[in-house]
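There are 4 protein chains.
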Amino acid sequence: MEFEVKAKLKYKVKSDSSIILSIHASDKYQKIVDETLIISPKIVATEMESAWEGNRLISLAVKPAENLSITYKAIVNNSFKIKEIRNVREADIAKLPSDVLPYLYPSRYCQSDKLYRLANNMFGYKKNDFEKVQALTYWIYLNVEYLSGSTDSETSAYDTVTEQAGVCRDFAHLGIALCRALTIPARYFTGYAYLLQPQDFHACFEAYINGQWLLFDATKLVPLNGMIKIATGRDAADAAVANIFGDVDFVSSAVSCDLVDQSLEPFYADHEQNFAISYT
Amino acid sequence: MEFEVKAKLKYKVKSDSSIILSIHASDKYQKIVDETLIISPKIVATEMESAWEGNRLISLAVKPAENLSITYKAIVNNSFKIKEIRNVREADIAKLPSDVLPYLYPSRYCQSDKLYRLANNMFGYKKNDFEKVQALTYWIYLNVEYLSGSTDSETSAYDTVTEQAGVCRDFAHLGIALCRALTIPARYFTGYAYLLQPQDFHACFEAYINGQWLLFDATKLVPLNGMIKIATGRDAADAAVANIFGDVDFVSSAVSCDLVDQSLEPFYADHEQNFAISYT
Amino acid sequence: MEFEVKAKLKYKVKSDSSIILSIHASDKYQKIVDETLIISPKIVATEMESAWEGNRLISLAVKPAENLSITYKAIVNNSFKIKEIRNVREADIAKLPSDVLPYLYPSRYCQSDKLYRLANNMFGYKKNDFEKVQALTYWIYLNVEYLSGSTDSETSAYDTVTEQAGVCRDFAHLGIALCRALTIPARYFTGYAYLLQPQDFHACFEAYINGQWLLFDATKLVPLNGMIKIATGRDAADAAVANIFGDVDFVSSAVSCDLVDQSLEPFYADHEQNFAISYT
Amino acid sequence: MEFEVKAKLKYKVKSDSSIILSIHASDKYQKIVDETLIISPKIVATEMESAWEGNRLISLAVKPAENLSITYKAIVNNSFKIKEIRNVREADIAKLPSDVLPYLYPSRYCQSDKLYRLANNMFGYKKNDFEKVQALTYWIYLNVEYLSGSTDSETSAYDTVTEQAGVCRDFAHLGIALCRALTIPARYFTGYAYLLQPQDFHACFEAYINGQWLLFDATKLVPLNGMIKIATGRDAADAAVANIFGDVDFVSSAVSCDLVDQSLEPFYADHEQNFAISYT
Numbered sequence: 051m052e053f054e055v056k057a058k059l060k061y062k063v064k065s066d067s068s069i070i071l072s073i074h075a076s077d078k079y080q081k082i083v084d085e086t087l088i089i090s091p092k093i094v095a096t097e098m099e100s101a102w103e104g105n106r107l108i109s110l111a112v113k114p115a116e117n118l119s120i121t122y123k124a125i126v127n128n129s130f131k132i133k134e135i136r137n138v139r140e141a142d143i144a145k146l147p148s149d150v151l152p153y154l155y156p157s158r159y160c161q162s163d164k165l166y167r168l169a170n171n172m173f174g175y176k177k178n179d180f181e182k183v184q185a186l187t188y189w190i191y192l193n194v195e196y197l198s199g200s201t202d203s204e205t206s207a208y209d210t211v212t213e214q215a216g217v218c219r220d221f222a223h224l225g226i227a228l229c230r231a232l233t234i235p236a237r238y239f240t241g242y243a244y245l246l247q248p249q250d251f252h253a254c255f256e257a258y259i260n261g262q263w264l265l266f267d268a269t270k271l272v273p274l275n276g277m278i279k280i281a282t283g284r285d286a287a288d289a290a291v292a293n294i295f296g297d298v299d300f301v302s303s304a305v306s307c308d309l310v311d312q313s314l315e316p317f318y319a320d321h322e323q324n325f326a327i328s329y330t
Numbered sequence: 051m052e053f054e055v056k057a058k059l060k061y062k063v064k065s066d067s068s069i070i071l072s073i074h075a076s077d078k079y080q081k082i083v084d085e086t087l088i089i090s091p092k093i094v095a096t097e098m099e100s101a102w103e104g105n106r107l108i109s110l111a112v113k114p115a116e117n118l119s120i121t122y123k124a125i126v127n128n129s130f131k132i133k134e135i136r137n138v139r140e141a142d143i144a145k146l147p148s149d150v151l152p153y154l155y156p157s158r159y160c161q162s163d164k165l166y167r168l169a170n171n172m173f174g175y176k177k178n179d180f181e182k183v184q185a186l187t188y189w190i191y192l193n194v195e196y197l198s199g200s201t202d203s204e205t206s207a208y209d210t211v212t213e214q215a216g217v218c219r220d221f222a223h224l225g226i227a228l229c230r231a232l233t234i235p236a237r238y239f240t241g242y243a244y245l246l247q248p249q250d251f252h253a254c255f256e257a258y259i260n261g262q263w264l265l266f267d268a269t270k271l272v273p274l275n276g277m278i279k280i281a282t283g284r285d286a287a288d289a290a291v292a293n294i295f296g297d298v299d300f301v302s303s304a305v306s307c308d309l310v311d312q313s314l315e316p317f318y319a320d321h322e323q324n325f326a327i328s329y330t
Numbered sequence: 051m052e053f054e055v056k057a058k059l060k061y062k063v064k065s066d067s068s069i070i071l072s073i074h075a076s077d078k079y080q081k082i083v084d085e086t087l088i089i090s091p092k093i094v095a096t097e098m099e100s101a102w103e104g105n106r107l108i109s110l111a112v113k114p115a116e117n118l119s120i121t122y123k124a125i126v127n128n129s130f131k132i133k134e135i136r137n138v139r140e141a142d143i144a145k146l147p148s149d150v151l152p153y154l155y156p157s158r159y160c161q162s163d164k165l166y167r168l169a170n171n172m173f174g175y176k177k178n179d180f181e182k183v184q185a186l187t188y189w190i191y192l193n194v195e196y197l198s199g200s201t202d203s204e205t206s207a208y209d210t211v212t213e214q215a216g217v218c219r220d221f222a223h224l225g226i227a228l229c230r231a232l233t234i235p236a237r238y239f240t241g242y243a244y245l246l247q248p249q250d251f252h253a254c255f256e257a258y259i260n261g262q263w264l265l266f267d268a269t270k271l272v273p274l275n276g277m278i279k280i281a282t283g284r285d286a287a288d289a290a291v292a293n294i295f296g297d298v299d300f301v302s303s304a305v306s307c308d309l310v311d312q313s314l315e316p317f318y319a320d321h322e323q324n325f326a327i328s329y330t
Numbered sequence: 051m052e053f054e055v056k057a058k059l060k061y062k063v064k065s066d067s068s069i070i071l072s073i074h075a076s077d078k079y080q081k082i083v084d085e086t087l088i089i090s091p092k093i094v095a096t097e098m099e100s101a102w103e104g105n106r107l108i109s110l111a112v113k114p115a116e117n118l119s120i121t122y123k124a125i126v127n128n129s130f131k132i133k134e135i136r137n138v139r140e141a142d143i144a145k146l147p148s149d150v151l152p153y154l155y156p157s158r159y160c161q162s163d164k165l166y167r168l169a170n171n172m173f174g175y176k177k178n179d180f181e182k183v184q185a186l187t188y189w190i191y192l193n194v195e196y197l198s199g200s201t202d203s204e205t206s207a208y209d210t211v212t213e214q215a216g217v218c219r220d221f222a223h224l225g226i227a228l229c230r231a232l233t234i235p236a237r238y239f240t241g242y243a244y245l246l247q248p249q250d251f252h253a254c255f256e257a258y259i260n261g262q263w264l265l266f267d268a269t270k271l272v273p274l275n276g277m278i279k280i281a282t283g284r285d286a287a288d289a290a291v292a293n294i295f296g297d298v299d300f301v302s303s304a305v306s307c308d309l310v311d312q313s314l315e316p317f318y319a320d321h322e323q324n325f326a327i328s329y330t
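Chains as they are written, first to last, in the working numbering: chain X, 51 to 330; chain R, 51 to 330; chain G, 51 to 330; chain Y, 51 to 330.
Just chain X, with the same shape it has in the complex:
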């Protein structure tokens, strides 16, 4: 499907600073038809590939400015497959690819080591990894209240499992932490999302099942086939929209994601059916 995505970020820069942005559509597994990046006042942005995940980053060395404006636009063909999931095999940890292993360990916002008993008490009875992830995703959907402003950048899965309120990032972190506590590799996924209201960046998560990464979204806010991937990582600490080093105030952001030339038959995962979506 072809989408037009836009992100416009504004900052007030008060001292010489560095900004590292993760707003570019990923060029892995999806096709970027066209893209532009406009920075005002004009400065040179360095594009990098993140060391571990291969995410696209841009790095800016900025000078003090009342209004620093960064506008990214792209036309992207996202790429996904909707798959019927059968014959689910338990992950054989000893044979996992080494680039999947890190997603089994606890991370900053996903303290899976503290959730081991809870996850197994709640979802351990399910008969395979796919059903476990479906069940935990649905449990989050039913029990965690989507509540803007209820959490902040320090909120982690350990908080959300008990406080049961949060935003998409918190839903994703809790899903990841529960997966890892059940010995299922899981990672954070951010992107542009078609039909998200209010429009913003979105976050959900992928679980590694039958040798492939499948996408899950406990918020149920958007169709799963309307995602344009920006980045993956162990959690939001790996895939923040912006990392800022210096004295910079965030002013505003505007994000959009529109369908270009087709209608989309929305795919929403049903927790009782054997279909899932993969973006890799």
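No lab work stands behind these hints, which were simulated from the structure alone.
Note that the structure is a prediction, hence the values are computed from the model and not measured.
Wrong hints could be hidden among the right ones.
Just so you know, same-sequence chains aren't split out, so a pair can sit in one copy or run between any two.
With a straight-line Cα cutoff of 20 Å, these simulated SDA-like cross-link-like pairs (lysine to any residue) come out [said to hold, decoys possible]:
no.	residue 1	residue 2
1	Lys58	Ile294
2	Lys113	Ala95
3	Lys176	Asn193
4	Lys145	Ala111
For this one, chain X is given, so just place chains R, G and Y on it according to the hints.
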């Protein structure tokens, strides 16, 4: 310097399980003269390279066994340089290599985002990054009590900065978190350590200064030039000695590190002098 | 019922210190037939009544001693009523006695303010306060593993609700926190407990329902009518066995509780029946 | 000194609810010359004395209402003594009055048990309890940034000691926790405060030194002799302005405190001088 290192781990395995061990001496920047790995009962170990750090891992698929014994021995020439540190430049974040960037972000045990004000209040006045790391390392040494058993696998830098007791792992996590809070990349370093009493694996940390990784150890328990590196990572979640998936009881470990054929002139970093040690 | 209770505590005192003990059987709602307190080396113990709860405390000013031994023995007639609970009324907060109000608020180990959504999601559907407390007590019993040594003096209800392991104190804290999150006053209850294995002090909790304090024990380790009350409080911070100020090492404790002259028909609360026990 | 204090609170009540307010000036140690309470729509408020502290509470059973408005006004003669503090004696714990003892223990927001080493490392060298409290109050003043909106109702001393930002409540909690970690009884103190900008309720803390409660305020925002006491407690959980049980939205509050007929010679405690203020 040439060292003989040994690690003998014993487990009781109660169900089919996977064990991933990080006990092999690194083969980067140091020379492995000889090494053996003996597993009893005999099973095949798969050696892997960790995806991000390039650490050596071995992966074991184990069957139930009263006594699973794993013995690693190696003769290793460690490799280090003691350097005079002059003309310390502040890290230019926008130009950091992409494989250094991840060490600026908060991680599971090193919640640098929560320590920003504290770190800057305590060490921000120091005139460059090297002096900051020296000062924070010395502060940890003076204020945190080395106390076996006072902490566990859930203890993080956020706890240690206040509770002020812990073991080498906790000292390292606090050092790393304070560095990152000061916008200095820092990572966890584990290895064998000559003269460590009681003998065990050791952990300390590296900070990225003037484009190179320098080693710091807030415990001051061992000479800094008697380390044989096993692994680096963002924190202990990346570089655990063992990750176990299944029903396995730890029984015992015995670790040693002996100097083979020379005498060692011990190097201990002094927080007021301009010398540091690098293992890369 | 008449019980003989004993507690023998041993300490090594390394500096002039103060010890405040809460080991005396309460003299409210139960009859102390006989009691003795022997301290060796001999020192004078001052008995006090705690300011808020009216618990009996003894305060000792101790000098350095290799072996400080404190032995308390008593013959006590405990007093309880087993009641059928019908027509449960919701607590009218605006009319609660002022000495019940404090038990609605969060306390050190019972952070009910963080458990509001979880408690209401899990137990809010039950049709009255009694059924809610029965249900939450039973949920704790089913999901939290009784595991000696799994927790320490810093563990709180916020931890236990997620980590799902602990000892009697943790079971009690979680019960209290969930009650308060449901706007049901609840308090900590410590005492001697008949048939507790291994023998030790016990902790459980009381909830305020229909204008009376009812006892609940999520551990299900002992009959509810074999309790000899020592103290109540908001949580363990109010009702610790010992508060020590100075350099004193705990050496050992031995606790016992024996039935004197009768057989006891054990009462265990069943979470589906309308009976409860009250000690006030 | 005579002050006129006012508090006007507005709520939107969405269901039958209970509200317990702590906005009345205390009638202990100060003289209430005149006071009025107006509630609109008119309902009967029940005045109570809190069980433990003797604070004045009013309890309201409220019905759904678009605008519930509660207005309290009073003319109060506050009462304080400025004292020279000499010959400071260490608290003899074994002889403390039983109503002072609870202020030595950890509470919800003041986890003194976790701050023991830190407090003693930082302030243990001071030669008596008064100097310790002066030093810790001054340290908080220097290191914790007063930042509206940086914290919420879950923030505790354990957070503030590390995150080093907060509002008056957080400054008070940290002061209390550090005192208790040094074995100095300390409690939370709320009131109206003359010259506070912006006008609001204020919070600070009292420490028990030489057998009396002395007032400390690490914010240094107001003169210490312009306080009109509302309540004391172990921490904010005991002395909240409002405890609400039901579906009630806070709309606004307006608070003022004016000097009636005299000029005030402001008293600000200096951390290096031997003067302190007592409100009891």
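* To do: Could you tell me which of the hints above the structure violates, numbers in ascending order?
  => none
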